[in-house]
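4 protein chains.
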Amino acid sequence: MTMVCLSDFEAYAKKYLPKMAWDFFAAGADDCSTRDENILAYKRIHFRPRMLRDVSMMDIRTKLLGTEISFPVGIAPTGFHQLAWPDGEKSTARAAKAMNTCYIVSTYSTCTLEEISAAAPGGLRWFQLYIHRNRAVSQQLVQQAEALGFQGLVLTADLPYTGKRRDDVRNGFRLPPHMKLKNIEDAFEVCKISPLDPSVTWNDIYWLRSLTHLPIIIKGILTKEDAELAVRHGVQGIIVSNHGGRQLDGGPATIDALVEVVEAVQDRVEVYLDGGIRKGSDVLKALSLGAKCVFIGRPALWGLTYKGEEGLQDVLRILQDEFRLSIALAGCANVSEIGRHLVQFSKL
Amino acid sequence: MTMVCLSDFEAYAKKYLPKMAWDFFAAGADDCSTRDENILAYKRIHFRPRMLRDVSMMDIRTKLLGTEISFPVGIAPTGFHQLAWPDGEKSTARAAKAMNTCYIVSTYSTCTLEEISAAAPGGLRWFQLYIHRNRAVSQQLVQQAEALGFQGLVLTADLPYTGKRRDDVRNGFRLPPHMKLKNIEDAFEVCKISPLDPSVTWNDIYWLRSLTHLPIIIKGILTKEDAELAVRHGVQGIIVSNHGGRQLDGGPATIDALVEVVEAVQDRVEVYLDGGIRKGSDVLKALSLGAKCVFIGRPALWGLTYKGEEGLQDVLRILQDEFRLSIALAGCANVSEIGRHLVQFSKL
Amino acid sequence: MTMVCLSDFEAYAKKYLPKMAWDFFAAGADDCSTRDENILAYKRIHFRPRMLRDVSMMDIRTKLLGTEISFPVGIAPTGFHQLAWPDGEKSTARAAKAMNTCYIVSTYSTCTLEEISAAAPGGLRWFQLYIHRNRAVSQQLVQQAEALGFQGLVLTADLPYTGKRRDDVRNGFRLPPHMKLKNIEDAFEVCKISPLDPSVTWNDIYWLRSLTHLPIIIKGILTKEDAELAVRHGVQGIIVSNHGGRQLDGGPATIDALVEVVEAVQDRVEVYLDGGIRKGSDVLKALSLGAKCVFIGRPALWGLTYKGEEGLQDVLRILQDEFRLSIALAGCANVSEIGRHLVQFSKL
Amino acid sequence: MTMVCLSDFEAYAKKYLPKMAWDFFAAGADDCSTRDENILAYKRIHFRPRMLRDVSMMDIRTKLLGTEISFPVGIAPTGFHQLAWPDGEKSTARAAKAMNTCYIVSTYSTCTLEEISAAAPGGLRWFQLYIHRNRAVSQQLVQQAEALGFQGLVLTADLPYTGKRRDDVRNGFRLPPHMKLKNIEDAFEVCKISPLDPSVTWNDIYWLRSLTHLPIIIKGILTKEDAELAVRHGVQGIIVSNHGGRQLDGGPATIDALVEVVEAVQDRVEVYLDGGIRKGSDVLKALSLGAKCVFIGRPALWGLTYKGEEGLQDVLRILQDEFRLSIALAGCANVSEIGRHLVQFSKL
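Residue numbers (my numbering), protein chains in the order written: chain R, 6 to 353; chain H, 6 to 353; chain L, 6 to 353; chain Z, 6 to 353.
Simulated from the structure, these hints should not be mistaken for laboratory data. All of these numbers come straight from a predicted model, not from anything done at the bench. Please note that a few of the clues may not be correct.
All copies of an identical chain are treated as equivalent in the list; a pair is satisfied when it fits inside any one copy or across any two copies.
Listed next, the in silico DSSO-like pairs over lysine-lysine satisfying Cα-Cα at most 27 Å (straight line) [what the hints assert, rightly or not]:
(1) LYS229 x LYS352
(2) LYS352 x LYS48
(3) LYS187 x LYS312
Okay, chain R solo, but in the shape it has when bound (with noise of 0.2 Å):
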């Protein structure tokens, strides 16, 4: 089987994982409508590509917060990696680093936060926290990833409650015996109903501030009110997301969604995106509409499913050269000549 796209990895797994396993990461919300918009709406928007730009010197590097990537494509933060490859989050780590990208680290870790950075000493990581009932876990967590040297917080704001995954509920989905939420063990034991606290407001914001020198990343944003507020609360960056459609099904699709963040924030802080990315047309669409980098979520789980730290880099080097071309037939040799003017939302 030759790997040429993302849909080939996406076809692996769903042949070689347990049915539990891929249901869990296929999941959506409800009627999955919000998980399918993610990948339709970039249906809808169409090139307005320029021809006979000196595109012979490629550059697609880009900076997250002042730190260089080798292009504009990060890991999301997914849950319970070893379920997908033995060494879980480990490899993710590894694969992120060897491709020089970002990895958002997830509180739901099979792997603890010192494992996965003794995996790839000197990566660039975010560490991504839900607050918790117990502040002091998410206290110690934050306190943590800052000590292991994570580079930035990020703080998932769409999930008070876990949303209604038909296929897990119906699966009674569970992590296997020997798989642990390493990071959070304490905190489950202690907690009969779910250890999250959806008392969460924009004042906790603050909190968080007074934790930890890292910059805050809010994700989950999908209004210009939100992003608003977002930024009057200090945030550095904000992640457009519905969490790929796994919370409140029926909301927008990321990129549609991106618009009016973008226009809210006025480049005031940093906006990215996740949430359907299945080409590299698909990231230099959500450049082009204001995102200054995305985060693939599902795809990564593929690649690890293929074959751990290696078929993630496969992933990650797909996107890559299809993003490097992509952007070069759009007429551009780098990501600072991406703007509006190369997309048209579509009448239909």
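Since the structure of chain R is provided, determine the placement of chains H, L and Z on it from the hints.
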């Protein structure tokens, strides 16, 4: 079989109901365009969910004309519940009471109003009325309902004649011999033609008003012009409904019609909706667009078919859980926080 | 088999007609886009039905150029009725008379005008004309029609050449040897090329006017510009038609074109429509948008195929019943109450 | 098998070509969205046909930069014609000459320019050029083409790098050993990397101008900005093209891009189009929107596959007949009567 969402109950009912009964419940008029649009239209409405709002204390209760119900979903009037479950409307009444919501009892019930009342004393019930050519029949039913403690009178306005439901014609649909329209048996026997009066006009609202102290709710309104007339004729509530797509095929989806009705009514009376509700997030969409409450028709019948009153409670409980989760994920802790800002119509 | 709606007759005809005849009747030009659009376009028009209007006394009669018909549906001109039923156009004439509506007899009939007239004396008939290169042929037909009591002359404007219907080319379509175009046999024999004159222009309306006292109706108009020209050249009626999608593929659906034609005509002449009528509610949509009457083509042929004049009466009766029900459910008791306010174009 | 329309040739080619060749000809970039949009976009354009105009004397000739061709359809540049038919581009040249139209010979031909010229002396041919890193190669080809009587030079602007065509990657596409790119064999041998120069800019138009007296036509323009630049740099013609959807997936359909290019150009140079032409009425749509002529790519290859030059003539003759019929049915007797008023974009 795990019952996870309303579609599971639909699949069950389709599999286990006799074809004639399934066809009758499922039927739409002509090509069933409006029946199907009722559902499809929700997919064109997107949420604008808000983040980081304290949703730790959820309260999804609401009031119908001043009476509290546990969440904004009631049982729409549908006929012939014995086709779904032996105890028929008695089971429906028990389930509605157990879930503390409103049940609109149809004129075409297979149990008498007394039986229904006795099955679930103290439950919140409204009585749905067709006006008969023989006005004495209608008068008697209205007064009986009032005497039995029904708290509202729902006048169905969209059935001067019965819509053309092709499968019912093909099947030669009729009730099995052991079932009776117990509240209007005599009425049917004296009429060779349809006992319903196609000459009813707005002035008949005044006649109804003269018969009863109950609040009058009109069901079947789809335009701003009729909404205005309804308010002017003194109704207490309006149910935006197209009779489940069973009357005039080609009419609007109720969620689309809701917008113009709400705009015309300007809060002078309560506005409700039925048609196409299949998920908790559909309820949230309807409330965001101004409905005070929605009513479910076919899903209630599927629940009855599955396990009588228990099955119907399952259906209501699933909707309740989904609604609670949806409004929390949209950033609201109670129904008063829901508003027009939460939704946008898809440009597609 | 119960015949409940027009699709039932279509299924019957598809099953029992010889393939060459079915293909000929069903054919559209090229990709059949316009043929199919004629039907799909109705689905994009939604009713705004009005409630609680007295619809106890329904009257669905209308008038065509002053002559009363039982409901606003006539028989469009189509050729070769003997392909559908041995008695051919004689059966059509009998059915139209029995149902008290108008039958537009095609130049391409397989019975003579005399035979057709004799089959149903006193029936309301219009004669459809193609202008021949040999003008004497056309003159003779017009004058024969007038002498036989035909009450209108329908000039088909959209066939300077015959559209490309792929299946007819593949099948090598031609009439079976025992069928003849009885009204123009000689015309065909003297012409090696098509006997129809592609040089016809608006001035030929004046020539037709000089031949006959019959009202002239022009068929095939799709634009406001041509509608204006038709009125200025003194026609009495306009049939908005794209020849059932058999001529220029890619033209508009007739129900869409109707809007601009009606707006241009401003009630100066009557406007009719053919194409895509499959349900009584389609008739109501066309009348709501300004058509005085519609005509059915293929459904009439399906009715003939089913049971000759009886079958065609079945088709007409079903449409009549559906139309009566539709306008009642929309809140109208007669055709004069129908208007533009009853419909809206879907935003989709 | 009767060949009635272009799809028949497509079906033939799909059936009889080796998979690798079929895949290569059929390939689009990535998801093939743009390739497919090229065709779908025509379906969103509707005609506004005019009636009763004298179309007895049809004349569908047009001129390309002053040279008459028999109808406004030429042969777009495509490579490797020997994959379709043993005589390769020699057959193409003979068919184009026989049908009196223009053939744009690709740099990637499997016959030499001399062989092609000798096969059909006096035929109207343009030469399609890619600019090579080794400019001497390009210079020699241009001057050879001019010496051989080619009448135009077509610079392809949209291939600084080759698009990602997944099936070609999977198939490991390459020419069979007995076929050669005869005009640039040496060029390929000296380059390990692609011999095409991705540093080409608008200034290279001036370089080309210095090499030849031939008119220069630029191919691959999709925006008004680039159309303006093309005119300012002195080209004589613009071909609106997305390379058959083989380069940047996600670009606009060419028929959609044509509108803005024509508006920008304001008749200063001739504008042509390729992509998605499958019927005579597609040609009429393109001309109505301002194209002077269209070019066919894949359909020409299907014709060659079917029967070499005869098969290609069949394809051209079908298009010619369909185009003649279409413009007659739209009410035009020659191409000068075609205009923007003949079409409207579907509201859908």
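My question is about LYS229 and LYS352: at a cut-off of 27 Å on alpha-carbon distance, are they close within one copy, between copies, both, or neither? both (23 Å within a copy, 18 Å between copies)
State whether the alpha carbon distance between LYS187 and LYS312 is at most 27 Å within one copy, between copies, both, or neither. Cα proximity of LYS187 and LYS312: one copy only (23 Å, versus 43 Å across).
Under a CA distance limit of 27 Å, which applies to LYS352 and LYS48: within one copy, between copies, both, or neither? Result: close both inside a copy and across copies, 12 Å intra and 14 Å inter.
Violated hints are absent here; each numbered hint is respected by the structure.
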